[in-house]
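S.K.: Chains A and B, in that order, are what the protein sequence lines are.
Note that numbering that gives the first Met the number 0 has the first sequence beginning at 0, numbered continuously upward.
Note that numbering that gives the first Met the number 0 has the second sequence beginning at 0, numbered continuously upward.
What the hints contain is simulated information worked out from the structure, not anything from laboratory work.
Be aware that one or more of the hints could be misleading.
Note: identical chains are not told apart, hence a pair may lie in one copy or across any two.
Straight-line distance between alpha carbons at most 25 angstroms, and here's what the computed SDA-like set of lysine to any residue pairs gives [said to hold, decoys possible]:
hint, residue 1, residue 2
1, Lys167, Arg143
2, Lys111, Thr177
3, Lys167, Ile42
4, Lys167, Glu34
5, Lys111, Asp134
Predicted, not measured: the structure shown is a model, and the values here were computed from it.
Protein chains: 2
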Amino acid sequence: MTTTSTTPIRNGVDTAQVYGTLDVLKAQPDAARFEFRVRNRWIDGTHSRSTIHDFWGAGAEDVSRTEPFIVDASEPPVLFGHNEAPNPAEYLLHALAGCLTLTIVNVAAARKVELHEVSSTLIGVLDARGAAGIDESYRNGFERIELSFSIRGDASPEKLQEIVERAKARSVVYDIVTNGVPVAVTADVS
Amino acid sequence: MTTTSTTPIRNGVDTAQVYGTLDVLKAQPDAARFEFRVRNRWIDGTHSRSTIHDFWGAGAEDVSRTEPFIVDASEPPVLFGHNEAPNPAEYLLHALAGCLTLTIVNVAAARKVELHEVSSTLIGVLDARGAAGIDESYRNGFERIELSFSIRGDASPEKLQEIVERAKARSVVYDIVTNGVPVAVTADVS
């Protein structure tokens, strides 16, 4: 019997689990449906709070989280808040960084590349004349996002660049942020 | 001199400050440029950590935050993590909720509407066969987001619905999520 000395845990990712899950998704397409949920409540001024707990995925209601995550959002004083928390646009950058980073780590693990560092700086630029309703020639959101990675790993620069490209091609949040997604808003008011 | 008994603080928003800022943006368009920044570092597996502190806006480097915000992201076990934090797609929903909510509150304050409740539930649906690279007919990101508000305030239902519509038309993150934004990714690798 031929064995290798590699462990299935690489970059902190259980690659045996990853391949097992891929097999399940291929065999049972119904398991691929995920529904993530966030509940948010206004506190005061620009300050609101989200509760993040349950979700549907892999064919079942997830029960792995015994406690909900509580995450606040607000604004700095110059945008009429009191710095109670990061602002929503900063959370969007955080979501993008976290998703590309974990996708890079997963792809590297699948390709047997050991990583030592993945760090990134993100910059989102906007002109507030859009969101302020002063000049319709500016959009409300970021005009662009610049993301710079610094990656150190046991592979050639070419292979590490390929991993970044593969992560861009597979990241959930990179797809949402670059391509947009339909958002249906309803409001029960009284 | 005619005065009213209304205070400039409404829904926790200093409306005098809001109008003052709008006057500055109209008079000095350079003040409208904002640059938000997030620094992220991989910890292990699907787990990463963002530091959110400084930004450029209103014509100056902001110095209002004495300490950085530290925000983690990870995944639940079914997506190869250990529930160290909400996942990136959930943070994106949180960003959307926080931005629409504070925009509703700001718009209501400007329109002299007192709000008593703004709460929301968001659902993001995706088929993981996209991000897993199993079936190219599915996108990586959410196929759709459903957002349901519950809003109570001292105004007619019609006026409250108008405020929601105005917030959709002015929200930074709603624009980004529905329309997408160009993301330039560079990687320094070795």
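S.K.: Hint by hint, say whether it matches the structure.
M.R.: Here's how the hints hold up against the structure:
For a Cα distance limit of 25 angstroms, the shortest separation of Lys167 from Arg143 qualifies both inside one copy, at 16 angstroms, and across copies, at 20 angstroms. Within a single copy, Lys111 and Thr177 get their C-alpha atoms no closer than 29 angstroms, and across copies no closer than 36 angstroms, so neither meets the 25 angstroms cut-off. Within a single copy, Lys167 and Ile42 get their C-alpha atoms only as close as 36 angstroms, which misses the 25 angstroms cut-off; across copies the closest is 20 angstroms, which meets it. In this homomeric assembly, Lys167 and Glu34 come within 25 angstroms of each other (Cα to Cα) both inside a single copy, at 22 angstroms, and across copies, at 23 angstroms.
In this assembly of identical chains, Lys111 and Asp134 lie within 25 angstroms of each other by CA distance solely across copies; the values are 23 angstroms between and 51 angstroms within a copy.
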